[in-house]
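**Q** Here is what each chain is made of, one letter per residue.
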Amino acid sequence: MDKLAKQLRADAALIDVQVSDELERRITASLHGLSPEGQEPPTIRQRPAAFWWASSLTGVAAALIVIAVINSQSRLDEAPTRAPEISPIAVLTTPIIDWKTESAMLTSPLRKELEDLQADIKKAEQKVKEDIGL
Amino acid sequence: MIDEQQLIDAAKAGSAEAFADLVKLYRVRLLRFLLTRCASFADAEDALQDTLIAAYRYLHSYDSRWRFSTWLYRIAIRNAQKIRSENIVELGDLSDEESDPLLQCIVASESENLWVSARRVLNDDVFAATWLRYAEDMSINDISKALDRSASWTKVNLLRARKALDSELNRQSSGSEAYG
Numbered sequence: 001m002d003k004l005a006k007q008l009r010a011d012a013a014l015i016d017v018q019v020s021d022e023l024e025r026r027i028t029a030s031l032h033g034l035s036p037e038g039q040e041p042p043t044i045r046q047r048p049a050a051f052w053w054a055s056s057l058t059g060v061a062a063a064l065i066v067i068a069v070i071n072s073q074s075r076l077d078e079a080p081t082r083a084p085e086i087s088p089i090a091v092l093t094t095p096i097i098d099w100k101t102e103s104a105m106l107t108s109p110l111r112k113e114l115e116d117l118q119a120d121i122k123k124a125e126q127k128v129k130e131d132i133g134l
Numbered sequence: 135m136i137d138e139q140q141l142i143d144a145a146k147a148g149s150a151e152a153f154a155d156l157v158k159l160y161r162v163r164l165l166r167f168l169l170t171r172c173a174s175f176a177d178a179e180d181a182l183q184d185t186l187i188a189a190y191r192y193l194h195s196y197d198s199r200w201r202f203s204t205w206l207y208r209i210a211i212r213n214a215q216k217i218r219s220e221n222i223v224e225l226g227d228l229s230d231e232e233s234d235p236l237l238q239c240i241v242a243s244e245s246e247n248l249w250v251s252a253r254r255v256l257n258d259d260v261f262a263a264t265w266l267r268y269a270e271d272m273s274i275n276d277i278s279k280a281l282d283r284s285a286s287w288t289k290v291n292l293l294r295a296r297k298a299l300d301s302e303l304n305r306q307s308s309g310s311e312a313y314g
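Residue numbers (my numbering), protein chains in the order written: chain G, 1 to 134; chain W, 135 to 314.
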């Protein structure tokens, strides 16, 4: 090692630094609440099977109690049910379509045509009768 | 005794204790280096804390082909730059001993500490390269990786730094002889 390298190394060692207790605490506290990225989160500890049975049974029992309470209350509060009455105002305000009028309007030209044809036939029949002398 | 690689593997697997042990190996060295690059002791401490937090957080991305120290120093350099850019204070402004954290931590000696001269005559990246070479014994390749520079840049600038520091050393020697 040459003189310069030796001197640089020696002078670097003369830089006297210490990590203070406060900094140490700060670093530890910062790292404490940190988890490395890309690492799987810690798995939840497996609970004993009896725990699941107990919680399931408790849930079922609670559901049965709720159903029973609702049923008993609905029997007490039960009132005779009546069909809802139709309001006369509602009947009056309902628009009524006159289907017959509409159909008559639609068929009236045909009927007139038919009547005209029937009249023509009658006239022709009358003419024939006159011609043959009846 | 557990070696560094075992500690890294354990820390990668999620052991906070292993990482804490790993930190103990580097924290003083890192703080000393950061002190040369920050405007105050508090900034250097903040930079160290940020470096260790970032290292722990991104440990999964650490490539074991690199030396762990190289990877750590790279993070430290970035954090020091970030803190300096936030504070705006330039190292050149620290002319008196009271405000210069590096001068405060140097043990009194007969001649000026060469690192103080180095900081005066070298720019930031060349100073960092010189530090990593002579104070940390890093190879040219590791320094290039830590500074994100080419190997040729590192070689050339280390050579220039040597020349500049040699002349500083000679100046100091001739000065002390003149006094003697």
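Since the hints were made in silico from the structure, they are not lab data.
Just to be clear, a hint being listed does not mean it is correct.
[To be verified] Away from chain G, derived, C-beta distances all over 12 Å, residues of chain W:
#1 E138
#2 Q140
#3 F153
#4 R163
#5 T185
#6 F202
#7 Q215
#8 K216
#9 E220
#10 N221
#11 N257
#12 R283
#13 S284
#14 V290
#15 S308
[What the hints assert, rightly or not] For lysine to aspartate or glutamate, the following EDC-like pairs were computed, each having C-alpha atoms within a straight-line distance of at most 20 Å:
#16 W:K297 to W:E220
#17 G:K3 to W:D234
#18 W:K216 to W:E246
#19 G:K6 to W:D184
#20 G:K3 to W:D184
Model, not experiment: these values are computed from the prediction.
Glycine is no exception: its CB is placed at the ideal position from the N, C-alpha and C atoms.
**Q** Evaluate each hint against the coordinates.
**A** Checked hints:
| no. | hint | result |
| --- | --- | --- |
| 1 | E138 | 17 Å, holds |
| 2 | Q140 | 17 Å, holds |
| 3 | F153 | 7 Å, violated |
| 4 | R163 | 9 Å, violated |
| 5 | T185 | 10 Å, violated |
| 6 | F202 | 15 Å, holds |
| 7 | Q215 | 20 Å, holds |
| 8 | K216 | 16 Å, holds |
| 9 | E220 | 18 Å, holds |
| 10 | N221 | 18 Å, holds |
| 11 | N257 | 17 Å, holds |
| 12 | R283 | 20 Å, holds |
| 13 | S284 | 23 Å, holds |
| 14 | V290 | 17 Å, holds |
| 15 | S308 | 14 Å, holds |
| 16 | W:K297 to W:E220 | 33 Å, violated |
| 17 | G:K3 to W:D234 | 27 Å, violated |
| 18 | W:K216 to W:E246 | 29 Å, violated |
| 19 | G:K6 to W:D184 | 32 Å, violated |
| 20 | G:K3 to W:D184 | 36 Å, violated |
Violation of the numbered hints given earlier is confined to hints 3, 4, 5, 16, 17, 18, 19 and 20; the remaining hints are satisfied by the structure.
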